[in-house]
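K.L.:
When we follow the working numbering, the leftmost residue of the sequence shown carries the number 327, and every step to the right adds one.
Be aware that one or more of the hints could be misleading.
[Claimed, not checked] Straight-line C-alpha distance at most 16 Å; calculated EDC-like pairs for lysine to aspartate or glutamate:
| id | residue 1 | residue 2 |
| --- | --- | --- |
| 1 | K604 | D544 |
| 2 | K556 | D483 |
| 3 | K578 | E790 |
| 4 | K466 | D483 |
| 5 | K645 | E598 |
| 6 | K472 | D516 |
Hints are computed from structural coordinates only; laboratory data are not their basis.
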Amino acid sequence: MPTVTINGQKCEFEPGQMILQVANANGVDIPQYCYHDGLTIVASCRICLGEVWAPNPRNDNKLEPMMGGKLLPTCQTPASDGMVVHTDSPKAVANQKGVMEYLLINHPLDCPVCDQAGECTLQDFSYEYGRGVSRFEETKVKQPKKDLGPHVYLYSDRCILCTRCVRFTQEVSGTNEIMVQGRGNDSQIDVFPGVALDNELSANVIDLCPVGALLDKDFLFTQRVWFLKKTATIDGVTASGDNIWAEHNQGKMYRFRPRENASVNRWWITDEVRYSWKFVHSDTRLTTPMHRQFGVLEETSYIRAVQDAVEGLRKAAEKSGKLTLVVSPMLSCEDAYSLVQAARAIHENVEYAVGPVPVHGEDKVFPKGTSKDDPKAFIAYAEKAPNARGVKRVLEGLGCTVTDFNAAVRNATSLILTGNYPSRWDTDELRNALKDTFVVLIDTLHSPLVDDADIVLPGAVWLEKAGTFENARGMVQAFEAAIPSPGSANSEGQIGNDLLAVAEGKALNTPSGSTVHIVDEGPGQVPNALRTRLPHGNIFNAANTRAAMAALNGPLGVFGDAVSSPQAPEAVESDMQVVAL
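Model the full structure from these sequences, guided by the hints.
P.N.:
Listed below in structure tokens is the structure:
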């Protein structure tokens with residue numbers, strides 16, 4: 327395999343790769359602003375220039391400086407076998423200092439109030455490659471702030487004209503809203519007259535901006551980035567399975583950012599996915615279990631709700647001779663597995679169905695004109711459920727016959743109904759079908775379905791639990807919990823484990839060490855339970871559940887080695903001295 331030596335480090339590369347691409351792949355630091363793996367190369371920022379030496383076949387392959395010793399843009403210069411590159415030589419470093427000084431001439435000292443502070447490459451490279459002292463004494467050119475669209479603010483005087491945003495709207499979204507207006511010192515980024523930056527991928531320009539010029543309206547002035555914790559997770563509202571970073575602090579979500587995965591979403595996410603976390607902190611979140619007493623739905627303890635659910639489901643199932651389990655496509659594969667085990671323990675005859683799969687519009691492929699089969703395509707799926715294929719795989723792998731949702735609900739007398747949708751999903755038809763049914767509702771948001779239920783158990787959204795989703799391309803991907811669930815909400819997997827424990831007649835251990843036993847049904851009430859503290863059947867563990875599913879082989883064999891797990895973020899070592907107090 328051909329090799330190139332960059333700043334003393336020998337690196338292998340594929341023919342056709344640029345020097346900068348080889349350096350990035352091998353962990354060699356070369357400063358860069360305009361370059362991005364997902365965009366065309368323009369070599370405009372000039373900070374990646376380096377001295378390049380290559381073997382000269384006309385001179386016995388002796389190393390000679392290319393282009394007469396001129397500095398070359400490493401982002402635009404193809405690597406060749408035996409090449410030697412220096413971006414840390416005195417000549418290259420002098421260029422880096424000059425470029426940084428030029429970029430900072432009109433840049434305001436906004437770091438204390440800029441949202442990009444702490445993750446700004448202008449800050450980083452100024453510290454690493456800058457002069458430290460400005461020699462510019464003239465008046466800085468001031469540019470206006472602009473509202474570009476529903477999600478993006480432009481602070482023009484912070485812009486370094488890398489043109490990443492321009493190229494993105496030209497090459498990826500294909501919407502061409504952004505341009506460079508003016509010439510020379512008056513050049514600035516802007517949208518075309520009468521046009522707003524408003525497309526399905528518009529907020530990706532925020533991630534692309536290497537400085538604090540393009541900022542997220544939703545995140546603006548809400549949190550300093552050094553307080554945020556990052557958890558690798560998956561899109562939980564569409565079938566895309568986009569890889570994302572969930573950034574949170576003290577149990578509260580603040581933003582999603584794309585996590586690179588060449589097989590799924592590459593470097594991008596849709597605006598729909600980016601802001602999909604909002605419902606997690608909705609005022610309508612269900613946080614307390616409820617049960618129906620004398621026709622009135624009232625709050626109760628979790629243990630009482632679980633006990634009442636099992637007894638009520640068994641009694642209601644006697645009417646039709648079956649229990650119906652509806653598994654929502656919003657649940658993880660592990661959740662589905664746990665609920666199936668619980669349903670089988672509650673009643674010997676179980677009918678299974680997958681909940682409604684919302685579809686809005688049509689699939690969209692970016693860049694426009696690209697085929698869905700193109701490995702470079704980014705697809706925004708019209709299907710708004712992250713795991714319809716996954717829960718169906720689990721049901722079929724466990725030997726369950728999946729029936730039509732509407733038919734299953736209409737014929738049910740004893741029903742476990744799971745939701746977890748990010749918005750209202752009830753219909754008049756569904757509510758009418760539930761009138762004479764004993765319903766155990768496991769959901770996350772309050773809706774009219776709550777009023778129709780006999781038992782309500784608050785569930786956890788995907789950000790509050792670990793699990794796996796299978797996306798529209800058939801890729802099974804794992805994710806981890808980012809934040810705790812509110813109140814008495816539990817993952818559907820844990821609820822399934824607790825239902826299973828009660829159904830098998832096991833006394834549930836409580837934190838106090840006491841046990842819980844079923845007591846007789848009171849007049850006009852669903853079966854009752856002694857009041858006690860929160861129970862725990864087997865503590866639900868997504869990894870162990872995956873292993874149990876994989877051991878069954880068949881369709882569930884993919885939950886072994888075929889699961890794509892997120893890489894842990896690299897540890898960042900601080901140069902700050904820690905003083906013991």
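K.L.:
Please go over all the hints and tell whether each is borne out by the structure.
P.N.:
Verification of the hints:
{"no.": "1", "hint": "K604 - D544", "in the structure": "11 Å, holds"}
{"no.": "2", "hint": "K556 - D483", "in the structure": "30 Å, violated"}
{"no.": "3", "hint": "K578 - E790", "in the structure": "11 Å, holds"}
{"no.": "4", "hint": "K466 - D483", "in the structure": "9 Å, holds"}
{"no.": "5", "hint": "K645 - E598", "in the structure": "44 Å, violated"}
{"no.": "6", "hint": "K472 - D516", "in the structure": "8 Å, holds"}
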